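Asks: Each chain, written out:
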Amino acid sequence: MTDILIKNLPILVVLCPLMMSLFVVLISNAFISWILTLLTTVLTFILSILLFQEVQIQTYISYALGNWAPPLGIEYVIDKVSIIPIIIISSISLLSTIFSYKLMPFEVGQSSISKVYSLWLLAIAGLIGLVTTGDAFNLFVFLEISSLASVALVAMGAKKDKQALVAAYNYLVIGAVGATLYVIGVGLLYSITGTLNMEDLSNRLKEIDNNRALIAGFGFMITGIMVKAAVFPLHIWLPRAYSYAPSAVSVLLAATATKASLYILARILFSIFNISDDLIIITLNYVILPLSILAMFAGTIMAIYEKDIKRLLAHSSIAQIGYITLAFSIGSKASIAAGFIHMFNHALIKGGLFMAITSIGYYLQKRVTINNLSGLGRQMPITFFCFILCSLSLAGLPLTAGFISKLYLIKATISSEGIWIVFLILFSSALSLIYLWKMIEALWLHENIKKIIINENPYIYISLLIITFLNIYFGLDASLIVNSSEGAANTLMGFSK
Amino acid sequence: MIPIEYLILITVFPPLLVCATTPFLSGRTILRDLLGPIGGLVSSWGSIKLVQAVLDGEQPKLEFLQIAEGISIGFTVTPLGALFGLVASVLWIFAGIYSVGYMRGNKEKSQTRFSTFYALAVHAALCIAYAGDLLTLFIFYEILTFSTYPLVTHKQDELAQKAGRLYMSILFGSSVILLLPAIIWVWVITGSLEISQNGVLDGKIDPKYAPFLLMMFVFGIGKAALMPIHKWLPAAMVAPTPVSALLHAVAVVKAGVFTMLLVLTNVFGIEFLSKTGASFWLIGLASFTLLTTSVIAIYKDDIKARLAYSTISQLSYITLGGALASSLATQGAALHIVTHAAGKITLFFVAGAIYVGAKLSNISELNGQGKSMPLIFIAFFIGSLSIIGVPPMGGSWSKFFLMLGAAESGYFFVIAVFCVSTILNVYYLLEIPARAFFFKKEKEITAKVPLLITIPTLMTCFLTILLFFFIEPFQNLASLMVGK
Chain A
0 MTDILIKNLP ILVVLCPLMM SLFVVLISNA FISWILTLLT TVLTFILSIL LFQEVQIQTY
60 ISYALGNWAP PLGIEYVIDK VSIIPIIIIS SISLLSTIFS YKLMPFEVGQ SSISKVYSLW
120 LLAIAGLIGL VTTGDAFNLF VFLEISSLAS VALVAMGAKK DKQALVAAYN YLVIGAVGAT
180 LYVIGVGLLY SITGTLNMED LSNRLKEIDN NRALIAGFGF MITGIMVKAA VFPLHIWLPR
240 AYSYAPSAVS VLLAATATKA SLYILARILF SIFNISDDLI IITLNYVILP LSILAMFAGT
300 IMAIYEKDIK RLLAHSSIAQ IGYITLAFSI GSKASIAAGF IHMFNHALIK GGLFMAITSI
360 GYYLQKRVTI NNLSGLGRQM PITFFCFILC SLSLAGLPLT AGFISKLYLI KATISSEGIW
420 IVFLILFSSA LSLIYLWKMI EALWLHENIK KIIINENPYI YISLLIITFL NIYFGLDASL
480 IVNSSEGAAN TLMGFSK
Chain B
0 MIPIEYLILI TVFPPLLVCA TTPFLSGRTI LRDLLGPIGG LVSSWGSIKL VQAVLDGEQP
60 KLEFLQIAEG ISIGFTVTPL GALFGLVASV LWIFAGIYSV GYMRGNKEKS QTRFSTFYAL
120 AVHAALCIAY AGDLLTLFIF YEILTFSTYP LVTHKQDELA QKAGRLYMSI LFGSSVILLL
180 PAIIWVWVIT GSLEISQNGV LDGKIDPKYA PFLLMMFVFG IGKAALMPIH KWLPAAMVAP
240 TPVSALLHAV AVVKAGVFTM LLVLTNVFGI EFLSKTGASF WLIGLASFTL LTTSVIAIYK
300 DDIKARLAYS TISQLSYITL GGALASSLAT QGAALHIVTH AAGKITLFFV AGAIYVGAKL
360 SNISELNGQG KSMPLIFIAF FIGSLSIIGV PPMGGSWSKF FLMLGAAESG YFFVIAVFCV
420 STILNVYYLL EIPARAFFFK KEKEITAKVP LLITIPTLMT CFLTILLFFF IEPFQNLASL
480 MVGK
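As given, the protein sequences belong to chains A and B, one line each in that order.
Position one of the first sequence corresponds to residue 0 (numbering that gives the first Met the number 0), numbered consecutively onward.
Position one of the second sequence corresponds to residue 0 (numbering that gives the first Met the number 0), numbered consecutively onward.
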């Protein structure tokens, strides 16, 4: 029994939300559809935990779809690398499903709940599929599934604010361009190697000298994925999409969507292609490194001048994605591990911050800007407390998960590149204190003019409390994350050799 | 017999317990006000036992958890830490009694909130003293900053808010932007943050970079109030006087110079510093701060402002002692933590007593008031003599060692700096008792100083004299610290 289960885990973890999404759409009762969604995410989470345990033992689980042996058939691969985004996606989707219980009916209307949850599960299935698949073309399919579902989810915000439609349209067009670029790249690589399986691709690419098709294919793939991962300056879809989407969707997308794409980026850079290759070295040093540094500063500075809080957090995400890509661009084992550590921690941090801010928006019944935060901290002590802890984590103060990210990022940077990058990292994270302080000051120190009475709702703050607790827990005992990220980096670097 | 590891907890936890229970006792003011001094007694007992243990050559150690490789949260009692812990806990008893007298005498609002954060600040200071790891130190350093913020802004008027903002932005900003990165830097090159006996950087860091790392530490430790990051200390004087006395003459600023000494002796190491001259610039900066702020103090008419500048100047003595990188100067610096604390807390107690008793806060108004409050002004006189360094007051020992250290290290101009500063000390401190006793009285004031203020003031005053005769255990600790 268990053997069969374990053998089929890689496909189950994708199928479970995918199938349920088709089922949920048929249910008209809002509550039942929420319960089913919750059960599905719980199940997905359990499956991904099982996978995590299994990967620790076997290190590599492969599943051949339809029993067509790879490289001919489609292969699903779980190894120490892909398990990290799977854990992120499944845990965040579980938490944000709990979080959405009160907010979703309020924001999208009782009648369209089941449609929303169907899309919700579809997006989750797409994201998990994206990181599970070992096939470059199948990846494109999941990329499209997840983006189309997310676009529709963002558009659901239109009931509250019509701007959401514009945001969704932007997201759709830019996302489609990104996906197209990616698939062109895949096509070019297929034309010279004749395979779509990533491992096979990697093996065959070693035998081919640099030719134009290869360089062009690589360029297309990377650019396409960078659009999806919102790497500066290809991030323009992100602030709008995050800020006009329904609250729970913002949480889900902010914490997971770009992470999956960043994982793909790492896969392409380090496992399909070879790190010692000139092409990759040039890309890392002259494209990704400068862009990451620009992202760190541009995102932070935009956040400092932003008044709308959801947008502010979205800008800050761009800066944080900059840290992750910066870690990748250094290209040492330690730095890639640091990138994965921050990927995980940033999901926790941004998830928490978005939850706090959107629940403030729910209590206020309007868009949250810096001005109408005045003095609310005292009205909602729990939300405020969690918000402060997550902010401290974002700023990278000790005892929080963010500190661990900063620590390993700096360690990796110092030991390979020049000290100047470290100073840039420190400087931009010092700048991030400005916008965090701005929010905390407004929440706590400013006078509350309107004297609104707010009763905090346990359905809303329970997941916020959990995610905040995780921020602290992984700041106190980082061994789990650090070890699995180092395992991921080792696998990733070993793959290409 | 209690295992010595638990002595750390016995010392560190009373203030935390006081902090946790005080909010529930806002109705029972007597019980609430008793908690502080009782906690102080328990903590002091623990810290005295710890000093004995350290003098016996033991090193009590307690580790709670390991965060990452080479980074853990835990306590280790070093000789310097034992010294600072003793100072903070013993003076908490007196400051605890005093603050009751002051807050009641002055009819301050929100006394419960005040006592809560006061105890929390003491807890943080004690944890800094016994921190076994640079990260633990950093965490409690921040807790100290945050817990004193409500105390500084206690009056909740615009002036207090403004001062509070300056206070936070300098202390919190400097520590996050410079101190934390400096600590991470140490971790990256040595792989550990544990506080060890001698320096850890020798051979690990290119001597070329050492002054920069030191600079990050020095300007990151805003609590040591070196120029140009000293502005927060005069600003913090808007707080009620018990805060200025215990926190801004003892706990907070001493936590700053304690961290500074720890960095100089236990991270860089005296030998490494004297070998590479990495701290040469710091000698110059500390001397400059020392003299400049003494001069500024002369021009301050507000008693607390004058004492604040005097504190900045005295803190620079300690930093200077560490920067000289000679074993005698470092011992002098460690002793100065003790003697200056006893002296300065007395002076602040007096400033508060004058304010509560006669509602006076400017020096120019004190003419001839000595006869209405003789004991208070005598206490001030004795405290001043200790700060100036006249025997038989405790302050003379630390100055003596600092001067010897300056001679040992070969920086003879530092001796001149000390001499000039002593003259300035005489000028700006003795002006106050001189005005009170020898000037003609300008206006008639009925001064009534509560007993709960007079008693602790006289006790700390007596302490400065006692320190002259019983300096030996402190001196032993200081020599243990430099490994002798």
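What the hints contain is simulated information worked out from the structure, not anything from laboratory work.
Any given hint could turn out to be false.
Taking beta-carbon pairs under 8 Å as the criterion, some of the chain B residues facing chain A (in silico) [said to hold, decoys possible]:
id	residue
1	L61
2	I176
3	I183
Here are some of the chain B residues that sit facing chain A, going by a computed Cβ distance under 10 Å [unchecked claim]:
id	residue
4	F137
5	L158
6	A159
7	Q160
8	L165
9	G172
10	T445
11	P449
Bear in mind that the values here come from a model prediction, so they are computed numbers and not experimental data.
Ideal placement from N, C-alpha and C gives every residue a C-beta, glycine not left out.
Asks: Confirm or reject each hint.
Replies: Hints, verified against the model:
{"no.": "1", "hint": "L61", "verdict": "16 Å, violated"}
{"no.": "2", "hint": "I176", "verdict": "5 Å, holds"}
{"no.": "3", "hint": "I183", "verdict": "5 Å, holds"}
{"no.": "4", "hint": "F137", "verdict": "6 Å, holds"}
{"no.": "5", "hint": "L158", "verdict": "15 Å, violated"}
{"no.": "6", "hint": "A159", "verdict": "12 Å, violated"}
{"no.": "7", "hint": "Q160", "verdict": "8 Å, holds"}
{"no.": "8", "hint": "L165", "verdict": "14 Å, violated"}
{"no.": "9", "hint": "G172", "verdict": "7 Å, holds"}
{"no.": "10", "hint": "T445", "verdict": "40 Å, violated"}
{"no.": "11", "hint": "P449", "verdict": "34 Å, violated"}
Hint compliance for this structure: hints 1, 5, 6, 8, 10 and 11 are not met, and every other hint is.
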